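Asker: Residues per chain are reported as follows:
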Amino acid sequence: MIPFSSVLIVSAVLFAMGLVGVLTRRSALVIFMSVELMLNAATLVFVGASRALGTMDGQLFAFFVMTVAAAEAAVGLAIVIALFRRRRTTDMDHVSLLKW
Amino acid sequence: MVIDRSLDFLWLIPVLPLVGFLVAGAGCLLRARAKSVVAVVACGSVALSFALSLLCVMALAGLPAHERSHVTTVGEWIGPLGLDWSFRLDPLSSVMILVVTGVGFLIHLYSVGYMAHEEGFWRYFAYLNLFMAMMLTLVLGASLPLLFVGWEGVGLCSYLLIGFFYTKSWCADAGRKAFLVNRIGDASFIIGMLWAWVLFGGTFDIAALIERAPAAAAASPGSVTAIALLLFGGAAGKSAQIPLYVWLPDAMAGPTPVSALIHAATMVTAGVYMVCRLSPIYVLAPDAMFVVAVVGAATALLAALIAMAQDDIKKVLAYSTISQLGYMFMAAGAGAFTASIFHLTTHAFFKALLFLGSGAVIHALHGEQDMKKMGGLKSALPRTFLCFSAGWIAIAGVPLTAGFFSKDEILYKAFLHSPLLWAAGLVGALMTAIYMTRLMGLTFFGVSRRAAHGDHGSAPHEPPATMMIPLMVLAALALTAGFVGLPAPIGALFGGHGESPFAAWLAPVFHAPEAAIAAPHPEGHSLELLLMALSSLVALFGIAAGLRIWVTRPEIADRIAVRLGAFYVAVREKLYVDELYDRFIVKPWYALSRGMGRFDTGAVDGVVNGVGAIMLTSGHVMKLFHSGYVRSYAIAYVIGAAVIVWYLL
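Chains as they are written, first to last, in the numbering used here: chain A, 1 to 100; chain B, 1001 to 1649.
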């Protein structure tokens, strides 16, 4: 049986990869994918904890996270498409209209 | 029938001129041109008002003497204060409405001719009718606030009419000066009125105030004195007494009929009327009465002195008006309210006549007001001269004219009160005779000095009939009106006994207050006859001296002027009172205002602008954190989350 600490290490690595991706990449799509990575790291912790503690709560939350991720993907992709149509770019550094 | 019912329509007396004002005002706004229409409407409304006043007074005379006080309430005004639109007709207000509507009508008629060639004919009559409505409200108002509505209304009309030729800056300035100086008095009046409300147990009704005054005076005599003085402060502003008289000479910037109506016959007597109306309160405050008498006497003397050295014909008459108003206050202060109102009435006639006569002279000379450039008009304007002479001998106090009887009444009552007041009055009477004779001498007698001063305009001509008729009527009144108030000794000669018809008519109003402070009355008539003879001599001496100085030997006048030197110059320059006010009140006031202005732009605006500047600066600083790059926000987010997690762990 895989110890909980290993699960935590894997998920921490996954989260760190996602975080670095969000902070360093400029393309909206890649940032988006990195956010998914971070979400999945969190889901992994939930599921691992569920197994380690022997309760179903963590697995329940995993479904919630997936649902939220799906909704987020739908809304986020719609925004990216709308942005591309209007500005012909998905580079987030060029999206600073609200700055005064 | 008609007469009995007329008292129910008492409220129409002020409303009729108000309707005239609305019609003329609407015509003015619509730029109407037909002058005859407004002339008929304006004169007609005042004539109707006069007719109704006559009917009402006749109805009042039909009542028994102690019931001669009729109140008509038109409707509620300010419910919580118990104030109604109530008009009271009693012997005092009946005298006033007859004077106001009667003289007012004559002056309206005169104005039709006088203003015929002026711009703003409609505007003029709109203001004049509004003035009549307000003056009648003042006189008939049964409560102090309603009286005050009229009080302020006539002040407004005075301001509008002084500045009637508003394109000339000095006319507009004179209007503003009149308004501002009056405001000082009005502020004092308001304070006195409100204090009376508090002290007399929450009533503004004049009859109720008078009823409650004795109890209040017994409880706190100091407060009643203060109220009387504060109200007199208002009267000093409106009736041009020291120290607030400075606006009246400047008010001559208005058209001459306005000077006659507002600044001689009616509005400026409002203060005298108010003091007499509240006479039962004033007699409870002897100190206030003393102040009224002294201020009146001082004003009478000072203004008469200044009048002796003025060259502008209207300025002489203006100072003369101030001086005569001083006489009225002196009488009121001495407790002779009947004499005060009697002089008010006769003065309204002869001073209106003098002003209208001077208007005819100015009209004939195409606007010339400087007497140094007149002279010899007697032959050019014979009828005007005759009418003017009636006013001249009346104001100078030549025996048997109206002014003689009323002034003598005042002097006699003043003598009983204090010989010092009488002496001041007698000196004033002498000066009155002299300066009026000087005015006549420079204007009508001698030879014309027009050509010498470069005026080669067309020859002077007599005024048209609309101007001549009022002059004649007023001249007749100035000569004969005194007979309604014949003093007791002369009345006795004609088989009368006791008081004159005028005094008897006013007795229901003035009997109680006059009895309250009456000086001991000597037996017999010898003292009164002696004083009368003395003042007749003084008047005749003044006229004779004036005729000698300014008519037969004009060079004497110049010699006197040189002999008096600086004093003469000071009197000619109105004793520098305007300059003193300018130096010690106007200039410091401006300095204070400028200081306040700097405080406003510096401190107050500084705080407001400072708050804005702080917001702006902090915004500029905060802006630096908003780079617009999504990644920088994300980093801030991560750091924030890390800090919170670290803190929680």
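Keep in mind the hints are simulated off the structure, nothing from the lab.
For clarity, every value in this text was computed on a predicted model and none was experimentally measured.
All residues carry an ideal CB built from backbone N, CA and C; glycine is no exception.
Incorrect hints may have been included.
What the hints assert, rightly or not - Some residues of chain B that are not near chain A, with every Cβ distance over 12 Å (derived):
{"#": "1", "residue": "1035"}
{"#": "2", "residue": "1080"}
{"#": "3", "residue": "1246"}
{"#": "4", "residue": "1291"}
{"#": "5", "residue": "1295"}
{"#": "6", "residue": "1629"}
Stated by the list, open to error - Quick list of simulated restraints, FRET-style, between CB atoms:
{"#": "7", "chain 1": "A", "residue 1": "9", "chain 2": "B", "residue 2": "1627", "range": "28 to 36 Å"}
{"#": "8", "chain 1": "A", "residue 1": "84", "chain 2": "B", "residue 2": "1629", "range": "13 to 21 Å"}
{"#": "9", "chain 1": "B", "residue 1": "1608", "chain 2": "A", "residue 2": "84", "range": "46 to 54 Å"}
{"#": "10", "chain 1": "B", "residue 1": "1608", "chain 2": "A", "residue 2": "68", "range": "42 to 50 Å"}
{"#": "11", "chain 1": "B", "residue 1": "1617", "chain 2": "A", "residue 2": "64", "range": "57 to 65 Å"}
{"#": "12", "chain 1": "B", "residue 1": "1638", "chain 2": "A", "residue 2": "68", "range": "13 to 21 Å"}
{"#": "13", "chain 1": "A", "residue 1": "94", "chain 2": "B", "residue 2": "1599", "range": "28 to 36 Å"}
{"#": "14", "chain 1": "A", "residue 1": "64", "chain 2": "B", "residue 2": "1608", "range": "31 to 39 Å"}
{"#": "15", "chain 1": "A", "residue 1": "66", "chain 2": "B", "residue 2": "1627", "range": "30 to 38 Å"}
Asker: Provide an ascending list of the numbers of those earlier hints which the structure does not satisfy.
Answerer: 6, 11, 13 and 14
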